[in-house]
Amino acid sequence: MDTLPLPMSSFALTALRALPPVFMASLTTQERVVVVDAFLYLDFASKGTKAPRELQLRAAIAVKAGEDLLVRSGTGTGKTLAMILPVLSMAKDSVVITISPLRLIQDNHVAEFGNYGIPSIAINCYTPNDPELWKVLIKEHTIYQHYSVSPEQCGSYQGHITNFAKLLHDPKWTKRVKLLQIDEAHFIATTGQANGKDAAFRPAFSDLGERIRVHLPSTTPCTAYSASMPPRIMEILTKTLRMEPERTIKIELPTNRPNLVYAAIPMVGSIDNFRNVTSILIPSPCPPNFIPRKGIVFLDNKKKAAKLARDLNEKLPPALAAQELFRHYHSSMSKPYLEECVRKFKEGTVRCLIATESASNGFDIPDIELIILFGVPKSKYEEDQRGGRGGRDGRECLVLLIAEKWAYYNLAETDDGHKPCDKEKRTDRDVVVGASSKSCRRRILAKHNNDSSAIAHNFCGRWCCDNDTDDFDITTYLEGPVLNEDDTSDSGSPLQKQPRKKYRPVAQREPIEDALRTWRSSAHNRNPISKNFPISYILDDPSIVLLARERPVSLRIPSDVTNFLGETQEWHSQYALDIVSVLRRFELGRPTIITQISSSDNNSDDNSQDSDSDSIPTPTDADKTNTIAPSANSSPTSSRASSPDIIPTVSSTGRPLRRSALNHKVAGIATQLSKKQKT
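The sequence shown stops at residue 679 when you use full-length UniProt numbering, and every number in between is there.
No lab work stands behind these hints: they were computed from the structure. Because the structure is a prediction, the values reported are computed rather than measured. It is possible that part of the hints are untrue.
[Stated by the list, open to error] Below, a list of computed lysine-lysine pairs in the DSSO-like style, where the Cα atoms sit at most 27 Å apart:
hint: 1; residue 1: Lys-447; residue 2: Lys-250
hint: 2; residue 1: Lys-197; residue 2: Lys-239
hint: 3; residue 1: Lys-307; residue 2: Lys-344
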């Protein structure tokens, strides 16, 4: 936006006049001009529906002055708008870079910046490796003004210099960068730093200064935002982002969420005992018109998330179970599935998400009234972020921690014979101490966040926390009683240790992987449409590994392959039969190097049946058109996502599916395949 919009709406004018007199009195004349401009630009961009608050205005003033900025502000306080506001007054050919840790946050950024007329693009492993696209990004200065970028894309990734990193080495492009922003900046400390003997989970965060800031003009300010920014985190951010103390402004607002109610209860049994959750979310007996409370259950295992969602739905009356009121949600699910989950969750047709860490940040749904942390989080930052998803509309919301038994051991006793498990060793001590503490949980959180404001301990609900008063009644927030040690009832199947899954012998896997890669290359080259997409859209490397290790009896027909990978009907019709043919040829002892296999490759030899129970029978004509288990995933080319995990899910028929995740290794795949074929 180049010209200043006039006039100001009555809504914005009223909000401007309502700004705190103390705040306005502290500003210089030039800073007051920035404030008025911010109101004008936001009023115009939002069509008279939005007005900036003090946090956003202070951020805009700092950016306008060219100062670096650290912002600590509680969840749901408008940090995204603080990132948008300075961009509204910039020239159209300027560039703003926002480093975002999660794809969900990037998608939200693209949508929210776009709502204010700022053209945006997400740069991550999903961004097409299309030379024409990147040529446009370099030459056409006004195509995109805002780039939401994952940290891995700012340098070398999987042995290759990324396209975005090449942009950062182009002085003609970088001179247009007017602002660098870091969202959820605590990731730099929590995932970018080594933790004891454990290496950094995302090392790209550890050297963002070297990866990106050294390539930008010295006048380009850097801003970092987080709800979790105690002194130790601030120190790491300042060092990593190369912020100079004399030109760095710190905005530390209260982090307290007064409408949140905090509580903790001990877990009965292990994390596999889902009755800890099902007993409090679904009443027994469950009425046919039951509507679950809107909430999120967090746990740290993707497979368990899918199974818990299935168990919860199965405990509902049949008519309600068919509606899938409970859905699992994690980063390995496809983008269409995740988008559908969020949409239905906002609408209320999905009442509760069973989620992993992917929903801990950037997940902004206003009317969540229950947050359950099923298992102790690994850090206080994570605990704070998860709890912050609730009560964003100001209504009372319970944040309940269901903590493992080891969190209640007396840590001062070293001779009690207790041997810590792996998770206990990885969990920060302050989380463990806080779980079993009898002190006020709000005060513990305020101390962790270094929040000494006058409102740090305020609450507006019926209770502050379960340690606040003797009359605290947790059942007022739940649908059923809390499970206790004496309760051995289980309306579902008993918890049993599952037998270890058997796989194909290791010696057989490599030739199958080679055959699948050769077929994939052929399928990619012969299809003019697929040539425009990464080869991994057809079948990614993690899926090849999974297919090669699976026993033949599990992959007899095309629908087995499709359900195993969690793919769509369209993918099924294009590729499933080919893959079964590749596997079948290996079982029959035929050459594993195949130049081309089509759906019509169904000769008489392939119609023979093998008496071995582990063999793969030839797909019949009937199976070519068989209907696979319906899935919520409807991506046109692939329903897979970015992690190599195997994700269990359930079709509408109740048949368990396993989802292999898509890992877009865009750079270097073609080179690797070429070398493989030459050898």
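query = For the pair supplied as a hint, Lys-307 and Lys-344, is the alpha-carbon distance within the 27 Å limit?
reply = Holds. Lys-307 to Lys-344 sits at ~20 Å (cutoff 27 Å).
ask   = Going straight from one Cα to the other, do Lys-197 and Lys-239 come out at no more than 27 Å?
value = holds (22 Å)
ask   = If you draw a straight line from the CA of Lys-447 to the CA of Lys-250, is it 27 Å or shorter?
value = Satisfied, since the Cα-Cα distance of roughly 18 Å is no more than 27 Å.
Checked against the numbered hints above, the structure breaks none of them.
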